[in-house]
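2 protein chains.
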Amino acid sequence: MKFKATAIAHPNIAFVKYWGKKDEDLRIPLNNSISMNLGNLWTKTTVEFNDFDDDIVIINKEVAEGTAKERVVKHLDKFRNLASNVLKAKVVSENNFPMSSGIASSASGFAALTMASASALNLNLSEKELSILARLGSGSACRSIPDGFTEWLMGTSNDDSYAVSLAPAEHFEIYDLVVIIRNERKEISSTKGMQKFNPYFYARLAEVSENLNFVRKGIIEKNLKMLGTYAEKDCISMHTVMMNSGLFYWEPETLKIIKEVWNLRKNGTECYLTIDAGPNVHVLCLPENKEKIKGKFSELNFEILESKPGGKARVIGESLF
Amino acid sequence: MKFKATAIAHPNIAFVKYWGKKDEDLRIPLNNSISMNLGNLWTKTTVEFNDFDDDIVIINKEVAEGTAKERVVKHLDKFRNLASNVLKAKVVSENNFPMSSGIASSASGFAALTMASASALNLNLSEKELSILARLGSGSACRSIPDGFTEWLMGTSNDDSYAVSLAPAEHFEIYDLVVIIRNERKEISSTKGMQKFNPYFYARLAEVSENLNFVRKGIIEKNLKMLGTYAEKDCISMHTVMMNSGLFYWEPETLKIIKEVWNLRKNGTECYLTIDAGPNVHVLCLPENKEKIKGKFSELNFEILESKPGGKARVIGESLF
Numbered sequence: 305m306k307f308k309a310t311a312i313a314h315p316n317i318a319f320v321k322y323w324g325k326k327d328e329d330l331r332i333p334l335n336n337s338i339s340m341n342l343g344n345l346w347t348k349t350t351v352e353f354n355d356f357d358d359d360i361v362i363i364n365k366e367v368a369e370g371t372a373k374e375r376v377v378k379h380l381d382k383f384r385n386l387a388s389n390v391l392k393a394k395v396v397s398e399n400n401f402p403m404s405s406g407i408a409s410s411a412s413g414f415a416a417l418t419m420a421s422a423s424a425l426n427l428n429l430s431e432k433e434l435s436i437l438a439r440l441g442s443g444s445a446c447r448s449i450p451d452g453f454t455e456w457l458m459g460t461s462n463d464d465s466y467a468v469s470l471a472p473a474e475h476f477e478i479y480d481l482v483v484i485i486r487n488e489r490k491e492i493s494s495t496k497g498m499q500k501f502n503p504y505f506y507a508r509l510a511e512v513s514e515n516l517n518f519v520r521k522g523i524i525e526k527n528l529k530m531l532g533t534y535a536e537k538d539c540i541s542m543h544t545v546m547m548n549s550g551l552f553y554w555e556p557e558t559l560k561i562i563k564e565v566w567n568l569r570k571n572g573t574e575c576y577l578t579i580d581a582g583p584n585v586h587v588l589c590l591p592e593n594k595e596k597i598k599g600k601f602s603e604l605n606f607e608i609l610e611s612k613p614g615g616k617a618r619v620i621g622e623s624l625f
Numbered sequence: 305m306k307f308k309a310t311a312i313a314h315p316n317i318a319f320v321k322y323w324g325k326k327d328e329d330l331r332i333p334l335n336n337s338i339s340m341n342l343g344n345l346w347t348k349t350t351v352e353f354n355d356f357d358d359d360i361v362i363i364n365k366e367v368a369e370g371t372a373k374e375r376v377v378k379h380l381d382k383f384r385n386l387a388s389n390v391l392k393a394k395v396v397s398e399n400n401f402p403m404s405s406g407i408a409s410s411a412s413g414f415a416a417l418t419m420a421s422a423s424a425l426n427l428n429l430s431e432k433e434l435s436i437l438a439r440l441g442s443g444s445a446c447r448s449i450p451d452g453f454t455e456w457l458m459g460t461s462n463d464d465s466y467a468v469s470l471a472p473a474e475h476f477e478i479y480d481l482v483v484i485i486r487n488e489r490k491e492i493s494s495t496k497g498m499q500k501f502n503p504y505f506y507a508r509l510a511e512v513s514e515n516l517n518f519v520r521k522g523i524i525e526k527n528l529k530m531l532g533t534y535a536e537k538d539c540i541s542m543h544t545v546m547m548n549s550g551l552f553y554w555e556p557e558t559l560k561i562i563k564e565v566w567n568l569r570k571n572g573t574e575c576y577l578t579i580d581a582g583p584n585v586h587v588l589c590l591p592e593n594k595e596k597i598k599g600k601f602s603e604l605n606f607e608i609l610e611s612k613p614g615g616k617a618r619v620i621g622e623s624l625f
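Protein sequences, first through last, are from chains A and B. Following our numbering, the numbering of the first sequence begins with 305 at its first residue and continues without gaps. Following our numbering, the numbering of the second sequence begins with 305 at its first residue and continues without gaps.
Be a bit skeptical, because a hint or two may be false.
With a cut-off of at most 27 Å between alpha-carbon atoms, the simulated DSS-like pairs for lysine-lysine come out as follows [said to hold, decoys possible]:
1) B:K325 / B:K392
2) B:K365 / B:K378
3) A:K432 / A:K365
4) A:K596 / A:K612
5) B:K348 / B:K326
6) A:K325 / A:K394
7) A:K560 / B:K348
8) A:K373 / A:K394
9) A:K392 / A:K326
10) B:K560 / A:K600
11) A:K306 / A:K325
12) A:K432 / A:K382
13) A:K373 / A:K392
14) A:K326 / A:K348
15) B:K570 / B:K560
16) B:K560 / A:K570
17) B:K306 / A:K560
18) A:K563 / B:K594
19) A:K365 / A:K325
20) B:K526 / A:K560
21) A:K563 / B:K596
22) A:K560 / B:K563
23) A:K560 / A:K594
24) B:K594 / B:K612
25) B:K348 / B:K600
26) B:K325 / B:K394
27) A:K392 / A:K325
28) B:K526 / A:K598
29) B:K600 / A:K560
30) A:K432 / A:K529
Some but not every residue of chain A turned toward chain B, in silico, with C-beta under 8 Å [what the hints assert, rightly or not]:
31) F401
32) Y504
33) A507
34) E511
35) S513
Derived from the structure by calculation, the hints contain no laboratory data. Where a beta carbon is used, it is the ideal one built from N, C-alpha and C, also for glycine.
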C-alpha cells in the first residue's frame, strides 16, 4: 500500500468575517462566518508517508523550517494519530498565487494538506470531520473544505465547529476581483490582532447575526445586492473594530479603491467590496460588469486577480513528486 | 445710547469629540467634550441694532440669504427677547481662515455673534449664560466662549449645558498643525450624520468617560503624551462610529497623513493626531517639534495651518463698519 495522495483546495474570501475566538487553541470563533471559495486560485499539496528519516516540508519550492514547518508537522501528527501510523512524511505544496498578492494561503494550504493527508493514510473521513481537522490547522481553512459558498458554524467545542456548503460553486456565478494594493508594512498577525477585544467588538457581535442572515439569503436567492450590501457592512464593521484595537490594515490606496467602488455603484455599475485583514480590496460583481470594473481599475494602474466561485477541497490524480 | 459692538472668537478643535445629541433643538449632547481654541484663527463680528428696515447679515463680504441668514436672525431674536428690544440689526462678520480650509466657522461665528450681540444690547451676561446662548446657535460654539482649553459639560437641559475653561490659553503651549486635505466631495452635514445611531455609537459612549478623564488630566498636568494618546483614541472611535453609519470623511490622503504621524512618532518626534468631521488631519505637538513636523508635511506638498491655544471670545474696540 502506498501512503501518498495529492489534493487541491481554494482560498476563500469571507463575506461575513471571522473576528475573535472563544478558544485560542481549538480556534473556536465567536461568530459564524460565510465565505466563497476562490476557484481560480489554488493550493496543490502532495503528502507521502514513508520511511523517511524526518518530516520534509517543501512549500513553493522552498524547504520549510522553524515554526512554518512545526505547524505542518503538528497537523500531520493528527492524521498519524488517527491512522495509528508512525511514518514520517514528505509534503510538497504549491500555490498558483503569489504570497505578495495578499491572499492568505493558510486556508487553502491547510485544507489541501488535510485532504491529502487523510487520503494518503486511507482515513475515511466525512466532510464534517475534514472541516474540523482543517480548522485546527488554520481557522478559516475549515471553510475551504466544502463546495462553493460555505458557512462556518461556530459551534461550542472541537466537535461541532466546522463549515458546511450553503450552495455549490455553480449555483451563483459571481466574480471576486481582487484589487492588489502593495503593502510595504509588516503584516500584523490576525491571530494577535484578534486577541484585542474592545467595546466595539461586542457591538459588532450584536450586528453580525443580521449580516449572516442577509448574506446567506443573498447567496441562496442569487441576489448580489443583498449579499453585497451586508458583506460591505460586515467588512466596515470588522475593520473599524480592528482600528479601535490599533490595527490599521488600510493603506491610502485602499481608501481610494473603496471610494471608486462606491462611485462605480452610484453610476450604475453594480459592485460591492470586502476587505480581509490586509490592504487589498475584493470587488464582487456579476459577469456582465466584470470587464468594465477590471478596465476601471486597470486604468488606475492596479493589478487585479479575478476569480469565480470554487469547488470543494478534493483529491486529484496529478502528483507534485 | 449706541447699540453696537464688535467681538472676536476662535474656532476650536475637539480632543474628545461631540457626537450624538440628546435633544436636537436645544443641542444637548450625549457626552461631554473637550477642546482647545485655535488662537491664530478667528471670526470677528460687528453687530449694530438700529432703525434698519430689516436685518442685514454680511459674512465674508457677501450678503447672507436663505437659511444662513435665518439662522443668524433666529440667534439675534434671542438677544432682542432678552433685552426687550425690537430694533433690526446689521451684522458684519469676517473669518481670517478660508472656508475651503475645512475649519468649521460655525463655532467661532456663533461665539462671536453671541458676544457682540450681548454687548451691543448691554446685556450683562455671565460666561455660562453666553456659552449656553452660543450653544443654541451651533453646539460646539459653546466651547469657543471660555478661555483656552474648555470642557462642554453636557448637562441635561438648556440651563446646564455649557462649557467651562479647564485652563487658560497660556497654561500649555501646544500647537495644532492642520494638514489641509482638499475635499472634492460634498460635505455631509454633521447634524444629519449624528442622527444615525448604531451599536458602535453606544460602544463609544462606554469609552468616552475614560477619554475625557485622561485628556482633562493631560491638559491640567501639561502632559502631551496623555492628552494626545486619548485624543487619538477618541478620534478613531468617532470616525469608526461614523463609518458604521456610512459616513466616510477620510480621503486617501487622510490615511496617508495618519500613517505619517505614526511614523514620525515611532521615529522619536512626538505628535498626535485628531480629525474633525472632515478630511483634514490636526497634528498636535510641542513647540520644539513644530518646525520639523511642518517641514515633513510641506515636503509632501500639503498646506498647513498653524495655531497655538486661543483666548476666550471677547469684545474688541475695532469695528467692521
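Status of the hints after comparison with the structure:
1. B:K325 / B:K392: With a Cα-Cα distance of about 32 Å, the restraint between B:K325 and B:K392 is violated, given a limit of 27 Å.
2. B:K365 / B:K378: 21 Å, holds
3. A:K432 / A:K365: 31 Å, violated
4. A:K596 / A:K612: Given that 27 Å is the threshold and the Cα spacing comes to 16 Å, the pair holds.
5. B:K348 / B:K326: Violated, at about 31 Å.
6. A:K325 / A:K394: With Cα atoms ~32 Å apart, A:K325 and A:K394 exceed 27 Å; violated.
7. A:K560 / B:K348: Violated: A:K560 and B:K348 sit about 38 Å apart, past 27 Å.
8. A:K373 / A:K394: Holds, at about 11 Å.
9. A:K392 / A:K326: 33 Å, violated
10. B:K560 / A:K600: 23 Å, holds
11. A:K306 / A:K325: Violated, at about 39 Å.
12. A:K432 / A:K382: 16 Å, holds
13. A:K373 / A:K392: Measuring from Cα to Cα gives roughly 13 Å; hence the hint holds.
14. A:K326 / A:K348: Violated, because 31 Å separates the two Cα atoms, which is more than 27 Å.
15. B:K570 / B:K560: Holds: B:K570 and B:K560 sit about 15 Å apart, inside 27 Å.
16. B:K560 / A:K570: 25 Å, holds
17. B:K306 / A:K560: 56 Å, violated
18. A:K563 / B:K594: 33 Å, violated
19. A:K365 / A:K325: 33 Å, violated
20. B:K526 / A:K560: At roughly 38 Å apart (the allowed maximum being 27 Å), A:K560 and B:K526 break the hint.
21. A:K563 / B:K596: 32 Å, violated
22. A:K560 / B:K563: With a Cα-Cα distance of about 15 Å, the restraint between A:K560 and B:K563 holds, given a limit of 27 Å.
23. A:K560 / A:K594: Holds. A:K560 to A:K594 sits at ~19 Å (cutoff 27 Å).
24. B:K594 / B:K612: Roughly 11 Å between the alpha carbons, so the hint for B:K594 and B:K612 holds.
25. B:K348 / B:K600: 32 Å, violated
26. B:K325 / B:K394: Given pair B:K325, B:K394 is violated - Cα atoms ~32 Å apart, limit 27 Å.
27. A:K392 / A:K325: 32 Å, violated
28. B:K526 / A:K598: Roughly 53 Å between the alpha carbons, so the hint for B:K526 and A:K598 is violated.
29. B:K600 / A:K560: Satisfied, since the Cα-Cα distance of roughly 23 Å is no more than 27 Å.
30. A:K432 / A:K529: Violated. A:K432 to A:K529 sits at ~30 Å, over the 27 Å cutoff.
31. F401: This hint is violated: A:F401 lies away from chain B, its Cβ roughly 26 Å from the closest one there, beyond 8 Å.
32. Y504: 5 Å, holds
33. A507: 4 Å, holds
34. E511: It holds, given that the least Cβ distance between A:E511 and chain B is near 6 Å, below 8 Å.
35. S513: Violated, about 12 Å.
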